[in-house]
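A.B. asks: Model the placement of chain L on the given structure of chain Y, informed by the hints.
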Amino acid sequence: MPKCTINGKEVEVKEGATIIEAFKTMSEDIAHYCWHPGLSIAGVCRLCMVDVEGARGPQIACNTVVKDGMVITNQSEQIKDIVRWGMDFHLINHPLDCPICDQAGECGLQEQYMKFGQYDPEMNQQKVKKRKVVDLGERVVLDSERCILCSRCVRFTDEVSKTNELGIFNRGDRSEVGTFKDKPLNNKYSINTVDICPVGALTSKDFRFRQRVWYLKNDDTVCNGCSTGCNVKAYFNEEGLFRVKPVYNEEVNGHWMCDDGRDIYKYVNKEHRLLKAKNNSGSQWSELTAGKAMQELHNSLFAEIKAAPEKTGVVLTGQYTNEEYQAVFATLKELGVTQAFHWNDTDSDDFDGLLIRGDKNPNTKGLQNAASAFGALKSVADAEAAIASGSLETVMVLAPENIAVYSNYDKTFAALSKAKNFVWFGANKTECFETTNSSNTWMIPIKSFVEKSGTFTNHAGLDQTFNYVTTVVAGALTMSEAMTLFKGETLEFDLRAKPMTSMKNNHFTLNRGEL
Amino acid sequence: MEVKILSEHYDKPSYKSLDGYKELGGYEDLAKALKMDPKQIVEDVKASGLRGRGGAGFPTGVKWGFLPENGEPRYLLCNADEGEPGTFKDRLMMEAAPHQLIEGMIISAFAIKSHKSYIYIRGEYNDSIRSLEKALAEAYKDGLLGKNILGSGFDHDMDIYVGAGAYICGEETAMISSLEGLKGQPKLKPPFPAIEGYLGKPTIVNNVESLASVKYIIRDGVEGYRKHGTEKSAGTKLFSVSGNVVKPGNYEIALGTSMKTLIMDIAGGMKPGRKLKAVIPGGSSTPILTADEAMSANMDYESIASFGSFLGSGAVIVLDDSNCMVDMLGILMHFYHHESCGQCTPCREGTGWLNKVVHAILKGEAREKDLELINGISNHMMGKTICALSDAAAMPALSFLQKFRDEFEYFIKEGQSKVRGVGYAQMHH
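Sequence order for the protein chains is Y and L.
Per the numbering used here, the first sequence starts with residue 1, numbered consecutively.
Per the numbering used here, the second sequence starts with residue 1001, numbered consecutively.
Isolated chain Y (complex conformation):
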C-alpha cells in the first residue's frame, strides 16, 4: 500500500488510489466539480489541481494515481491562484441568480467560492445566453445557464442507469446538456442526476420552489419503498417532509436510489395521515386519542379474545419493524391466538439489476423471520375466507403505510372489515374508511417509518437499524406501544428536556454531506 504526504501529513492509501481519493480519506479540502466517487473520471473541471514534487507542473488529483513517496500539496500559492481562476472560469457565464435558484444554500459554486474563490470578479462582458427551464423528462428540469458542464449527469445516464438519455450538445462555451428529440430523461433513477448536479442546473420537479433548503433539517433513515432498503436522508421541517436523498452505503445502494423511493415521504405528511383514533360501534364515528382507544380495546376485547383465541386472527404487512413484529407476536402468544395472515400485494421479488426490487415492502424478510417462531403465515385470502365463513370474528390488521404499492388496498379493506370486531392499525387514511362493514370498527393511528426507531431486514437478510427522524402526527403510536397498551400496561415516556446544543450544531444547520 503506497504512502504519500499530503499537505505535510503522511497517509497510506489503497493500491491504485488517486490523489483526490487520498485527499478524501484524510478529509483534506480539495476543490472539484466533475469528480464523483460513483462515476468515471472526466478530468474536465480542472479544479483539483495539486503540486506533486518532481512533476512537470500542476497535476489534476482525480486522474493521478498515488505512488509511494509522493509529496503532494494544494496549499502552495500557485495552486491557490489556479483554483481561484478556475472558480472564476466556472462563474463568468453563470447567471448568479442565487436569490431565485433552488440550489442556493446547498450549491457547489457557493460553497467552493467561499472556500477557494473569494476573488474580485473581472468579467465585464455579456454572458452567454442559453436555454432556461428545459423540460428534460418526467421529473427533472434543466437550466442550461446555471450548468457548469461537469458532465456528471451525462456520465450517470451512461454508466449507472445505462439509459444514455443525456448528452452534451454543441461545443465551446455554447455547450449545453440536453436530450435527443423524443428521448426524454425518463429512467427510474433520473433524480440522482439532480443530487449529483453540483449547481442549480438540474432541479427536481417535485421539490423545486417548495422549500428553501436552509429551512430544512435532515436525518438518516432507511427507505421503505421496497425490499432493497436504500439508506436515505429525509429532509423535513415543522410543515412535514419535503424530499428524500440517498446516503452512501456500499453494501446496499452505493450512492444512488430510485425515483419511486423519492415519493415515500408523501405518505408520511399530515394530509395523508390518520390523525386520531376512530371508533364506530354502531352507526356513528367518534374520535378519541390513540391511547384512550387502546385502553378501551383492552377493556372490551382483551378478555374476550383470551377466552376464545381461535376466533381471532392478525393480518400483517411487511411494512413494520422487527421490534414491532416481536411485540405483536408476543402479545398473540399471551392471548393464545394462533392465526396470522400475510398481506402483500406484490408477489414477485424481481430485481432490475440496479436497486429496484419487486417486493414493495421494506421488511417482508423481517416479518417472515419473526413469524417463523410463531408458526406459518397464511395468506390474506385465507383470512377473508375465514371471515366470510364466520370462523374468524375478531381481526386485527397491521395495514400498509406505503399504500401506493398496495393495489388491492380498498378491496382488502372491505373484505376484512366484514369481521365482527375489526381493529385497523395504520398510518394513513383513505376514503374507503368511510364504508366499513363491521359493527365494531377501530382505527388506530400508527407512526410512520420516520417517526420511530427500529430495524428492517432487507431482501438479502441484512438488518438495518434506523433512528427516529421527526414527529409528524403527535398522537400516533408504534405497534409496540399499541401492544403495551392493549395488554393493559402503561407506557413510559422520557419527559426530560434534551440538552441544548450550540447554534452551530443544531438541527437548522444544513448538513448536505459531501459534494
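Bear in mind the hints are in silico, worked out from the structure with no lab data behind them.
By construction, the Cβ of each residue, glycine as well, lies at the ideal position given by its N, Cα and C atoms.
One thing to keep in mind: the hints can contain errors.
[Stated by the list, open to error] Restraint-style ranges between C-beta atoms, simulated for each label pair:
# : chain 1 : residue 1 : chain 2 : residue 2 : range
1 : Y       : S379      : L       : E1072     : 55 to 65 Å
2 : Y       : E12       : L       : F1192     : 20 to 30 Å
3 : L       : E1069     : Y       : E159      : 56 to 66 Å
4 : L       : V1246     : Y       : Y119      : 44 to 54 Å
5 : L       : S1017     : Y       : F169      : 41 to 51 Å
6 : L       : E1072     : Y       : S40       : 15 to 25 Å
7 : Y       : E159      : L       : K1189     : 19 to 29 Å
C.D. replies: Leaving out everything else, chain L in the frame of chain Y:
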C-alpha cells in the same frame, strides 16, 4: 535554398497515378522495407532524428517505441486533419503525391506490426479525399494493400475517414474519439494512445508528412536522411508560407535554413513598399516573433524555441506594417473560441472570454486594465487542460500583447487602430 526530397516530383501530374509514381521509383522502398526486420526500421527512424511534422515535434521513432511488446492488435492512424490556420502542406502532399503517403504508411505499419490503418482527412479537403480514394483503389488493385503485400506475408488494410470540420479533431485523442464515432473531444491522458488508443487498442497517430518521410529514411538510410538539417532537427520539411509575401506557397527546405532565406529569398520577400513587421512561425497557435527575431531565427525546432516559440506545423504567417495586431489577434481569438470543444472549463470559458475582451478593445469598449486581464486569463489557460487547444489560444494572446503592447494601448485609448488609423467597423467595412 529549397531542398526537394519529399516534393521532388510534386510538379509532375503523372506522379499522382500509380504508374507515374512507380516510374519515378515509387514503392521500391516498400519492397526494400518489407525485407527488413521491423525492429530495425523502428531503430532507423529513431536514429534518423525524424520529428513529428504535425506540430508537437515529438520524435517519431520514440513514439513508436512506446507500443507494448505483445501481439495485441494495433492501429496506425494518419493525421490528415490539417486544421492549424496557416498550414496547407499536407493538402499539397495528398493531392500531388497520394502514393507517397500510402507507401510511407505501409512501411510504418510494417515497422509497428499494424494490420489496419486509417487516414483521417479534414472534411473540407475534397480534392485530397478524392486523390487518396483513387490512389487507395489503385494500390489495392496492384496488391500493394490487402493480404500478403508484395509476397512478403505482411497483411495490411487502409481506409479513409473523413472528418466533419472540427479543428480539435487534429488533436490525436480527439481524432481517435471521432474515429470511434464519439463526439470529437480529446481523451484524458494517461492512458496514452500508444497503450490504449483507438477502440482501446495500442494506436500510433502520425502526421502525413512524418509518415511520408519514413519512405525516404528507408531509401537514403539514416546517414542519407541526416545529410540535411541539423543534429537535433534532421532532414527537410515543408513550410507553408502565407501572408504578405510576394510568392506565398509550400516550400521544402532543410531544417536549420534561416527564416530570412525562406521569407526574403524563397518566398520572394515582402510585397513592394512593405516592411516586415512580424512572423507567426509555426501555425496560428505559436507565439508571434517580431521582425528582428524572425530575421535572426533559423527554421529548426531549437532555434525557434530559443525565441520562445515553436516550429509547429511549419505554417509561416508573414505580417507586414499594414497589419493591425489588435485586429489580427481578434481574428485568432474568434477562431479558438469557435473551435474549443468545451470539455475543460479553463478553455471553454477562457477562449470565449478572451474573444470578448479582445473584441471589446476593437469596438472601443475596453478598460485599460483589460490588458492585464488578457494576461491573467491566458496564463491560467496554459497547461491547465486535457489538450493543448487552451495553450494554443493563450500563446498568441500573450505574445501579441507582450510584443505589440503599444498597439493595444493605443486602441483602448483612441478607439481606433494605431496602424490603420480607423476603428473596427471601418477596418471591416
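A.B. asks: Give a verdict on every hint.
C.D. replies: Quick rundown of the hints versus the structure:
no. : hint                            : verdict
1   : Y:S379 with L:E1072: 55 to 65 Å : holds (59 Å)
2   : Y:E12 with L:F1192: 20 to 30 Å  : holds (28 Å)
3   : L:E1069 with Y:E159: 56 to 66 Å : violated (32 Å)
4   : L:V1246 with Y:Y119: 44 to 54 Å : holds (50 Å)
5   : L:S1017 with Y:F169: 41 to 51 Å : holds (44 Å)
6   : L:E1072 with Y:S40: 15 to 25 Å  : holds (23 Å)
7   : Y:E159 with L:K1189: 19 to 29 Å : holds (20 Å)
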